[in-house]
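Between the sequences and the hints, there should be enough to build the whole structure, so can you do that?
Taken in sequence, the protein lines are chains A and B. Take the first sequence: its letters are residues 43 to 642, numbered as in our numbering. Take the second sequence: its letters are residues 43 to 642, numbered as in our numbering.
One or more hints might be untrue.
Same chains, same names: a pair is fine if it fits in one copy or spans any two.
Derived pair list, reagent style DMTMM-like, types lysine to aspartate or glutamate, alpha-carbon separation capped at 20 Å [claimed, not checked]:
| id | residue 1 | residue 2 |
| --- | --- | --- |
| 1 | Lys437 | Glu484 |
| 2 | Lys437 | Glu421 |
| 3 | Lys616 | Glu602 |
| 4 | Lys641 | Asp562 |
| 5 | Lys85 | Asp513 |
Just so you know, these hints were derived from the structure itself, not from any lab. The model shown is predicted, which means the values in this text are computed figures rather than measured ones.
Number of protein chains: 2
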Amino acid sequence: MIKTYKSQKTSFNRQVSNNSKASLPQRNSNKNKTKYSALSSDKKGKLRVMVLGGLEEVGRNMTAIEYENEIIIIDMGLMFPDDNMPGIDFIIPNTTYLEDKKDNIKGVFITHGHYDHIGAIPYTMPKIGNPPMFMGKMTAGLVRRRQQEFKSGGNLKIKEIDENSSIKMGRHFTVEFLRVNHSIPDCFAILVHTPLGTIVHTGDFKIDFSPVNDKPANINRMARIGYQGVMLLMSDSTDATSPGYQLSESKIGEEMSKLFEKIEGRIIIGTFASQLARIQKLFDLAAKHNRRIYLQGRSMISNVEVAHEIGYLKFNPRLLVSDGELPNIPDNQIIILGTGAQGETNAFLSKMVNGDHKIFSLKAGDTVLFSSSVIPGNERSIQHLRDMIVRQGAKVINYRMLDIHAGGHAKQEDLKLMIRLMQPKFFMPIEAHHFMLQAHAELAEEMGIDKNNIFVADNGQVLEFRKTANDVSALLTKEKVPTDYVMVDGLGVGDVSSIVLRDRRMMSADGMIVVIATIDAKTGDIIGNPDLISRGFIYMKENKEIIEKTRMRVKKIVRERTVAISNDDELKNKIRNDVGQFLFKQTKRRPMVLPVVIKV
Amino acid sequence: MIKTYKSQKTSFNRQVSNNSKASLPQRNSNKNKTKYSALSSDKKGKLRVMVLGGLEEVGRNMTAIEYENEIIIIDMGLMFPDDNMPGIDFIIPNTTYLEDKKDNIKGVFITHGHYDHIGAIPYTMPKIGNPPMFMGKMTAGLVRRRQQEFKSGGNLKIKEIDENSSIKMGRHFTVEFLRVNHSIPDCFAILVHTPLGTIVHTGDFKIDFSPVNDKPANINRMARIGYQGVMLLMSDSTDATSPGYQLSESKIGEEMSKLFEKIEGRIIIGTFASQLARIQKLFDLAAKHNRRIYLQGRSMISNVEVAHEIGYLKFNPRLLVSDGELPNIPDNQIIILGTGAQGETNAFLSKMVNGDHKIFSLKAGDTVLFSSSVIPGNERSIQHLRDMIVRQGAKVINYRMLDIHAGGHAKQEDLKLMIRLMQPKFFMPIEAHHFMLQAHAELAEEMGIDKNNIFVADNGQVLEFRKTANDVSALLTKEKVPTDYVMVDGLGVGDVSSIVLRDRRMMSADGMIVVIATIDAKTGDIIGNPDLISRGFIYMKENKEIIEKTRMRVKKIVRERTVAISNDDELKNKIRNDVGQFLFKQTKRRPMVLPVVIKV
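Right under this line is the structure:
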């Protein structure tokens, strides 16, 4: 599967401008000089692209690009767990491959400020030697704000960049930035010029010719980049199964404006705190419709503050309602804007609707807008929330009933446009589930990319490029760097093993029962009645018969144990199996049985 | 909130035909004669409608209609649990109100054979004295088949009915049946003629003028029923938030036929075993496209057998592929039809895709059709399944990409038609979440039903009708009969308490730790080191420091216990709180702490 790339253009160096606004921060000299790995001969002249997260999921995005002994990283995101991972807070990329190559890592580039692209930073940066980071102003604001919450995170070396920046990284890389549209300001595609050709990593993007409070997609520059030659395009596949074009955010604004005209009472809006384009539009609409905005939810307040401070959200501060003013504002002059449109229990919307909010409660005449699409898995919580709202005489409007949602990701026609403009030699769909990557790959083929030059890879799978005379060849190797889930649970990072998770799932389904047998160390006789503690299995007070029978069984096992059961472990195993089978027969449930043998 | 109903028509008795094909089975004389409740004066002349399940959820449908001392029941369904109820198999209606009124219950009427209408029968019938049951032929086949799986279920007294049946129940009720369309044959709306007027309970329905293998909606009879006078319409609200008309099943057939023409390899279809209309269509299409069908999944095979036996599924038996023939059938001549379109782990589709199926494995060139809409909560499993299919080189087609799904429930325009035809005096939306009921209520108001005559009730809330001179008045009372969840878990019915569930959730999130302290009964000194057992919390081998510190803490607590801690319970509480706090501080997790104190 070796593919050949005839470099169509001359040296890329010519295109790298020297008007770098961000000067390269000095790398700290690393204490572990000995760890600096010598260039092994098999890495000579090779460019390796490794997507550490984001090829088998939506989330935990992270990509490493390695040329000989130099590495740069794009994004460092988290992913939220699914139902199979009870108790887990979130999942971050596995950086095992990078951890002993700290000195090779020249820099980290962040495409934009969403958690699936920045969420792992506080955990991962210390592990890889805290290299310099480059990101837009808005992104930097959000990353710094979040870092303050982590005592152990340390200081990040952040340099802000914009579309005119050009960063020389080590001896081999030069990095530039292309502004793209998404649902938050300051989103950049990353252009990595390497000795073998240019890699374009789109980050999250959509094509929006009339975005809200953001510059429109720069089609001309995309075309120019394409003309200058793109070796590899790595492109956002999140919406690759949706036909058509993504709606422009300004179109959504028009729909919402019509809606606002008709609403008489309070308007309560739940959205993502990170949807800053939507939030800007709501401030514009508030001004237009003579309403003021009361912000709710920690992340909402924090994001609006950051974005307003640095000039990315533009509104007259008098639009904001203070706590003191609140009681005097008529219902038809207020918008309450908060988090929780996914039905999250601890967010503003849930609290308000359930009567747990300290200031607000819902009332008849209110209109609640769910201004974000439903993330798979949250449907039931949202149904419950809608029930509770309607019960209190308020109205619900959500995006199925009136499309007040424009997604942040390119749909099929937009994706085709990106491919057409970039004209890459090689193509790699990223940032989605496998079947979405596959759908994106099919689009690329339709756009005329050679099927053999399209790589649908798995997390960690190494895509290798090398020079061959005047050409470049690409190979999706069978080498896989580690990408197992690194789970964050409370203060623990990566310490929850599959065994711990299996136990949680088991106890969650059928509970557990502790069986305590006290045994005379000399005679081997059981002393008294075995103690039983049941949790999540059956309510002991109402199941005295089963409990009593289990006790008798344990006594019998201890009494009748043969020579074969010579030690405590064997006795425990016998109790575990016997009691487990007995309880399953009685109840058709399989609680975890925990035998405790005490010798006195 | 008393509403008045001027009876527009003369006595309903006139309309009750006597051509009952089903004779009324003899009621067994009940042993508990003493339990027969004397008619209390406050029930005199009153008609009470109580929906025991299905007003706050989609599922566990059950309605009781009571006139003085006579009760009839409509449906007896189950509901599947949500994420908050780990380990629970399903939820059935609460029948506390009925259990001491066994002799009053004259009969049970089942609208159709889906689990949310029949699933509670094996559990509930014994509790309410096993009264006679009435249902269509198809429904009876499914109920009987399921009953065989329950040893404890006993024999049901089932009478089959059709649209010509008229059943006299006790002294006050006469029941008739109106054929409606849905996604399974033999669906009936139930017409209950009472001394105060006629109640129409639609069951699940859609309006389909060209259904597959079923008679079309009988609009004429609906109009006639409306003309004769409907006091109360209780109508299916499952799709009340969807605008427009529901698609006809035959339209879907056309779309699928176009699709089949293009497919070259094997066609693998996942659907619900209960979607018999869809299954009929697939047999028709198989014949048309020169393919044969191989059935997979226990419930699929069983349902097709039942339906074919009684003539509700019509196909040439030679279309069915036997195990022996299987190897000789070319890929372009076979359809594999099975269960599991919701991504259920144990169903055919999952097994095949994951390589766990004993006969089939997926291969490149296969086309997999998901022919059912996604039930909220299953999105992630389905995404995973699609990933696995695409990985193996097969194609996925689901209803979002090509609408091969027609829902079984009336949409807004269909619901309006039902209300127009029935012209009820009173209206009660049923069979959905509250916000859907509310949406349906708004439609009814648009259709000209007096707002005061529309009742959006909660589960168990009693809707009471009484005669007033020539009129009937209705009152949605504040009386609520019990409707708390009755959870089925293994063999246990209703024995899983909220405490057991809370414990399961707690252990599922952060696991648990058992702390065992052995104490000298005489001196009160701790003997040896406390034992710790951790499950689902931290992996002990990798957290020796925390474990050791916890041990030290327990020792300290025992040693330093004051006179205040005079008994074991207080000592246990102290250990629980202290260790809990310590572990939270160390890990930010809250495992369940189970202290065990053993005195020797």
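Hint by hint, here is what the structure shows:
no., hint, in the structure
1, Lys437 - Glu484, "between (43 Å within a copy, 12 Å between copies)"
2, Lys437 - Glu421, "within (18 Å within a copy, 27 Å between copies)"
3, Lys616 - Glu602, "within (11 Å within a copy, 37 Å between copies)"
4, Lys641 - Asp562, "both (6 Å within a copy, 13 Å between copies)"
5, Lys85 - Asp513, "within (18 Å within a copy, 93 Å between copies)"
The structure shown violates none of the earlier numbered hints.
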